[in-house]
Amino acid sequence: MTVAPETPLVDMRNINISFGGLHAVRDVSLDLHPGELVGLVGHNGAGKSTLMRALSGAHPADSGEILIEGKTATIRNPRDAKNLAIETIYQTLALAENIDAPGNMFLGRELTTRLGNLDDSSMESEARKIMKRLNPNFTSFKQAVVTLSGGQRQAIAIARAIYFNARILIMDEPTAALGPAETAQVHSLVRQLKSDGIGIFLISHDIHDVFDLSDRISVMYHGRIVATVKPAEVTSDEVLGMIILGKRPGEATEEELDRLRT
Amino acid sequence: MSATTATIEQPRGGPADRIGSFARDNAWTLGLLGFLAVLLGFTKFANPNYGLDSLQGTATSVLPLALAAVAQAVVVISGGIDLSISSQMALTSCIAATLMKGYPGEGVAVGIVILVLLIGVVLGAVNGALVVLTKVPDIVVTLSTFFIWAGFALLVRPAPGGAAADWLKGLVVGGLGIDWLPKAAILLIVLVALIWIPLSRSRLGLSLYAIGSNPLAAFRSGVAVNRTKFLAYVITGFVAAFAGLSLTASTGIGTPVPEPTYVLISIAAVVLGGVSLAGGIGGVFGPIVAVVVLQLIRDDMTFMHVDPNYGLVAQGLILIGVLMVGSLIQQRRSRA
Ligand SMILES: Nc1ncnc2c1ncn2[C@@H]1O[C@H](COP(=O)(O)OP(=O)(O)O)[C@@H](O)[C@H]1O
Ligand SMILES: [Mg+2]
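Going down the list, the protein sequences come from chains A and B.
262 is the number that my numbering gives the last residue of the first sequence; the numbers go up by one with no jumps.
1336 is the number that my numbering gives the last residue of the second sequence; the numbers go up by one with no jumps.
Note that these hints are calculated values from the structure, not bench results.
Yeah, the Cβ is synthetic: ideal placement off N, Cα and C, and Gly gets one too.
Errors might be hidden in some of the hints.
[Unchecked claim] Covered, in the sense of this in silico footprint (three residues per stretch, anywhere, with C-beta under 8 angstroms from a C-beta of chain B), are these stretches of chain A:
no., segment
1, 98 to 112
2, 115 to 127
3, 210 to 220
[To be verified] Which chain B residues face chain A? A few, computed with CB under 7 angstroms, are given here:
no., residue
4, F1045
5, N1047
6, R1201
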């Protein structure tokens, strides 16, 4: 194992989150380095989204500690997270459908004129600049985003993150609602962001995508992290085994592995 | 983040294109205006005596309703609803009429108007705080406060009465110089220009549309959802107080019993005016035009000696019809 010399961008320590009696995240520790992509996998309900919501401020952790670049951070709501340059891209429900692309990009952090009015023309020209980089075919800046395709909407969400200089990006199944071509577009964006030094947590159900994009893969099972592995050091079958059985490759019995194969 | 220098980019052409997109964004309101023109023609036909000077009377009687519709539009755009608007109007109107009884000096009357507007803000703040803090559905909260404000109105004025300062009456009754330019219409335009236009150009305005479109997305974007929702009710209360004052101004008295049809009309006007009851869509111009349309329909029925009770039936039917058409359009849009 190579030792990363720099302080991690994100260092989550002993995070616990419960919903009533349901212990959704149990004592999870996880870190992320600049330019690194950590894939989070696990079956439905394993606690991946809940863990990430603690980082994005959507649902603070019950206990545990989050360090951002070595400093203890208090993340109580999405605004706190955004102030720490943490941005989140969701599968759905991240845009206000009846508002246009520039309005959505700047929602909550609007550009204003000296008089305090919304500066629509600046917001639109900034949106055009960034979209030119991300998706040159995008021209629908004046329409409510409800009329746009899933890929276009996801491009807006990503543009928003980049515009505000995200250093930490959380992507919770960002391509689950997209077709193959749009998914490929998002993937090439993800690689671009990584090379810009942004740290990314990617939750995905597609093992092949995760293998393709990740520097490390963390497998969650019933609220715990089973293992964190490098794609080069494991096979996708081994990762599938961890997802389904909740055991490291060495710990699973031959019998259990056999049952998986059938 | 600084307000960057405005590099105004005009990607798709000049003024013609601007007008094109204005027409597209406001197609519903423009259609409604066309319908209003047809309706005015019909009114003239049904009642040949309806002349340009009759517009004054229409404008004066429409003003409180138009302001009620603006008040309702703000809260509906934010994804809420306010059933207590008509009793907010009754209460503020009664307070104003009672304090102005005995015709105090003009300066005092100005003070009374300001006080009544502040009371409107407080009523709205109570509605907003209850909706945000108790998480009880807005319909239930504002139906309850409907009765509370109505009760207060009866405590203030057990019977209709009081007075209105002359200058206040002068603001809404009659024409401005020429007969066909009703003062009430001018006042409405000024109030809307002073309240709605700055609001819709502000961060709060965008937040109202955002929480009405999708509260979760707005929250995730960093919008203070509860604060915005609260402020929507405050603005509604403020505008409802203007509506109450205009009632006092146009009738010269305060009437403690809230006109039950006002709430229905404000909701019908908002929906007919292109505001989605689901929130996040529309503005205040459509609802204002819709109020005039609804008023003319009622007037025409009177001219044609239709039982006024059928007028209520007709308005209820229009509301249902518009809601049905609206939800059909909505379904079409989301399927596309
Ligand atoms: N807001 C919530 N209230 C109650 N239970 C929740 C809530 N969010 C998630 N859970 C529960 O927590 C567990 C983890 O869910 P989640 O983090 O969404 O899993 P994943 O993203 O890995 O599919 C599940 O059992 C889920 O039902
Ligand atoms: Mg999930």
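Outcome of the hint check:
no.	hint	in the structure
1	98 to 112	holds (count 10)
2	115 to 127	holds (count 9)
3	210 to 220	violated (count 0)
4	F1045	violated (39 angstroms)
5	N1047	violated (40 angstroms)
6	R1201	holds (5 angstroms)
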